[in-house]
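Protein chains in written order, with the numbering used here: chain L, 687 to 1023; chain Y, 17 to 71.
The hints are simulated quantities; they were obtained by calculation from the structure and are not laboratory data.
Possibly wrong hints are sitting among the right ones.
Stated by the list, open to error - SDA-like, lysine to any residue: derived pairs with alpha carbons at most 25 Å apart:
(1) Y:K50 with L:Y855
(2) Y:K45 with L:F773
(3) L:K768 with Y:V28
(4) Y:K50 with L:D711
(5) Y:K50 with L:K936
(6) Y:K50 with L:D1020
(7) Y:K45 with L:V755
(8) L:K770 with Y:F64
(9) L:K770 with Y:I47
(10) L:K770 with L:V704
(11) Y:K45 with L:F777
(12) L:K768 with Y:I47
(13) Y:K45 with L:T762
(14) Y:K50 with L:I717
(15) Y:K45 with L:P891
(16) Y:K50 with L:Q764
(17) Y:K50 with L:T762
(18) Y:K50 with L:V704
(19) L:K770 with Y:C51
(20) L:K936 with L:L895
(21) L:K941 with L:P891
(22) L:K932 with L:A850
(23) L:K932 with Y:M41
(24) Y:K50 with L:K932
(25) Y:K50 with L:L895
(26) Y:K45 with L:Y759
(27) Y:K50 with Y:F64
(28) Y:K45 with L:A955
(29) L:K768 with Y:M41
(30) Y:K45 with L:A714
(31) Y:K45 with L:L895
Said to hold, decoys possible - One side of the interface only, derived from the structure: several residues of chain L facing chain Y at Cβ under 10 Å:
(32) V704
(33) Y813
(34) T816
(35) A820
(36) F842
(37) C845
Unchecked claim - Taking CB as the label site, the calculated pair distances span:
(38) L:D771 with Y:Y65: 56 to 64 Å
(39) L:N766 with Y:L21: 20 to 28 Å
(40) L:Q690 with Y:Y65: 19 to 27 Å
For every residue, glycine included, the Cβ atom is placed at its ideal position computed from N, Cα and C.
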Amino acid sequence: MIWQFDVILLTLVLVCAVISLSIRDLMASAIVFGAYSFLMCLVWTGMGAVDVAFTEAAVGAGVSTVFFVATIYRTTRQSNYKRKDLFIRSFSAVVVSVVALALFAVIADFPYWGDPFSPVNDYVGSYYITHTMAHSNVPNVVTSVLADYRGFDTMFETCVVFVACIGIYAILRRRKKQAKAEDTAVKHVAHDSLIIRVASQIMVPFMQLFALYVVAHGHHSPGGGFQGGVVLGASVILLALAFNVKTTLKYLSEKSMIAYSAIGVLIFAGTGLLCMFLGGNFLDYSVLSQILPYTDEVMARSHAMLIVEIGVALTVMSAMYGIYLSLATDGHFDQGL
Amino acid sequence: MKELLIANYNYVVVVLIMMIGLWGMLALKNIIKKCIAMAIFQTGIILFYISNIFI
Chain L
687 MIWQFDVILL TLVLVCAVIS LSIRDLMASA IVFGAYSFLM CLVWTGMGAV DVAFTEAAVG
747 AGVSTVFFVA TIYRTTRQSN YKRKDLFIRS FSAVVVSVVA LALFAVIADF PYWGDPFSPV
807 NDYVGSYYIT HTMAHSNVPN VVTSVLADYR GFDTMFETCV VFVACIGIYA ILRRRKKQAK
867 AEDTAVKHVA HDSLIIRVAS QIMVPFMQLF ALYVVAHGHH SPGGGFQGGV VLGASVILLA
927 LAFNVKTTLK YLSEKSMIAY SAIGVLIFAG TGLLCMFLGG NFLDYSVLSQ ILPYTDEVMA
987 RSHAMLIVEI GVALTVMSAM YGIYLSLATD GHFDQGL
Chain Y
17 MKELLIANYN YVVVVLIMMI GLWGMLALKN IIKKCIAMAI FQTGIILFYI SNIFI
């Protein structure tokens, strides 16, 4: 990466971080945070971490901005500031600067930026880079580390997404009886725009096709289950934003949302269990060659990564959708923004 | 001096971003602001990982 770009982008990132925390208007704060995420995504792409940048663009700038906007719509737009807050602000500024000084003191000990002989690059990383093609025939080393060598991490990461969705759903879901009593003022404000509806109708199929491509092609190019799942979820959320929640509930109902997010985790953990039944270790995909037709042990690992990624994509997609629905409808699952 | 600054600029930014996020989580009362601060802290940590492995 050209170092001038790095310096400029990182400076802009810092500016965006400060602005998004200091603006009083919460909506502006969420939007500036989206800009922050996109700039950060450029920095990471420049350093060759395209998969991470992809995730940041989809999750940080895309979906979480939508979550923030949905929450702000349902609550209040102004963050108020009282005089007595000044004390805690300055006190925590002192605490934070002490931590910062301690961290600055050790910066000189880190390997230089771009140093090929830094300790992180020497041991396990070079092993993965040299052995991935022989072990699993997957050109994208990131996916093979994520889904194969470090399969446990990814499995529990998927569980975290699932638990987050279930938790938000369980906290925010409200029964119908309470719903009648309040919210009459908010309910019948329809924001209909023909342009937005037609444009999103055209965009959604292409987004979903791209998401399926990202999932299916994840071990040959940047992408994978998380990225594809988020893009898939974002396409459904776009429909829910442009029309209303009732329209999307026809295609993906509340029950199937919960079911899909559980099935995704089941696919991942089930693949691991299946490996155990066939005589290997948990998530040791090479033994799957016994039941997959026409595959040797190397290709079995490659195919099993695809299976596992499909599970991840299912969970992530329905979790994003479920979290959006819970936030945007205030737990009623009827009208939406 | 200039080379040393460039070689370590990423780490300086990592520390600054993480501290901005930490300050936001400690000092700000609004929960949405706290969430944004947490996300900023998290991106700082990921930037640290990626700066380490960049060749």
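Hint-by-hint comparison with the structure:
{"no.": "1", "hint": "Y:K50 with L:Y855", "result": "holds, 21 Å"}
{"no.": "2", "hint": "Y:K45 with L:F773", "result": "holds, 12 Å"}
{"no.": "3", "hint": "L:K768 with Y:V28", "result": "violated, 32 Å"}
{"no.": "4", "hint": "Y:K50 with L:D711", "result": "holds, 14 Å"}
{"no.": "5", "hint": "Y:K50 with L:K936", "result": "violated, 35 Å"}
{"no.": "6", "hint": "Y:K50 with L:D1020", "result": "violated, 29 Å"}
{"no.": "7", "hint": "Y:K45 with L:V755", "result": "holds, 18 Å"}
{"no.": "8", "hint": "L:K770 with Y:F64", "result": "violated, 35 Å"}
{"no.": "9", "hint": "L:K770 with Y:I47", "result": "holds, 18 Å"}
{"no.": "10", "hint": "L:K770 with L:V704", "result": "holds, 21 Å"}
{"no.": "11", "hint": "Y:K45 with L:F777", "result": "holds, 14 Å"}
{"no.": "12", "hint": "L:K768 with Y:I47", "result": "holds, 15 Å"}
{"no.": "13", "hint": "Y:K45 with L:T762", "result": "holds, 14 Å"}
{"no.": "14", "hint": "Y:K50 with L:I717", "result": "holds, 15 Å"}
{"no.": "15", "hint": "Y:K45 with L:P891", "result": "violated, 41 Å"}
{"no.": "16", "hint": "Y:K50 with L:Q764", "result": "holds, 14 Å"}
{"no.": "17", "hint": "Y:K50 with L:T762", "result": "holds, 15 Å"}
{"no.": "18", "hint": "Y:K50 with L:V704", "result": "holds, 13 Å"}
{"no.": "19", "hint": "L:K770 with Y:C51", "result": "holds, 22 Å"}
{"no.": "20", "hint": "L:K936 with L:L895", "result": "holds, 20 Å"}
{"no.": "21", "hint": "L:K941 with L:P891", "result": "holds, 23 Å"}
{"no.": "22", "hint": "L:K932 with L:A850", "result": "holds, 23 Å"}
{"no.": "23", "hint": "L:K932 with Y:M41", "result": "violated, 36 Å"}
{"no.": "24", "hint": "Y:K50 with L:K932", "result": "violated, 32 Å"}
{"no.": "25", "hint": "Y:K50 with L:L895", "result": "violated, 35 Å"}
{"no.": "26", "hint": "Y:K45 with L:Y759", "result": "holds, 19 Å"}
{"no.": "27", "hint": "Y:K50 with Y:F64", "result": "holds, 21 Å"}
{"no.": "28", "hint": "Y:K45 with L:A955", "result": "violated, 40 Å"}
{"no.": "29", "hint": "L:K768 with Y:M41", "result": "holds, 17 Å"}
{"no.": "30", "hint": "Y:K45 with L:A714", "result": "holds, 17 Å"}
{"no.": "31", "hint": "Y:K45 with L:L895", "result": "violated, 42 Å"}
{"no.": "32", "hint": "V704", "result": "holds, 6 Å"}
{"no.": "33", "hint": "Y813", "result": "violated, 14 Å"}
{"no.": "34", "hint": "T816", "result": "violated, 15 Å"}
{"no.": "35", "hint": "A820", "result": "violated, 22 Å"}
{"no.": "36", "hint": "F842", "result": "violated, 17 Å"}
{"no.": "37", "hint": "C845", "result": "violated, 19 Å"}
{"no.": "38", "hint": "L:D771 with Y:Y65: 56 to 64 Å", "result": "violated, 34 Å"}
{"no.": "39", "hint": "L:N766 with Y:L21: 20 to 28 Å", "result": "violated, 40 Å"}
{"no.": "40", "hint": "L:Q690 with Y:Y65: 19 to 27 Å", "result": "holds, 23 Å"}
Checked against the numbered hints given earlier, the structure breaks hints 3, 5, 6, 8, 15, 23, 24, 25, 28, 31, 33, 34, 35, 36, 37, 38 and 39 and satisfies all the rest.
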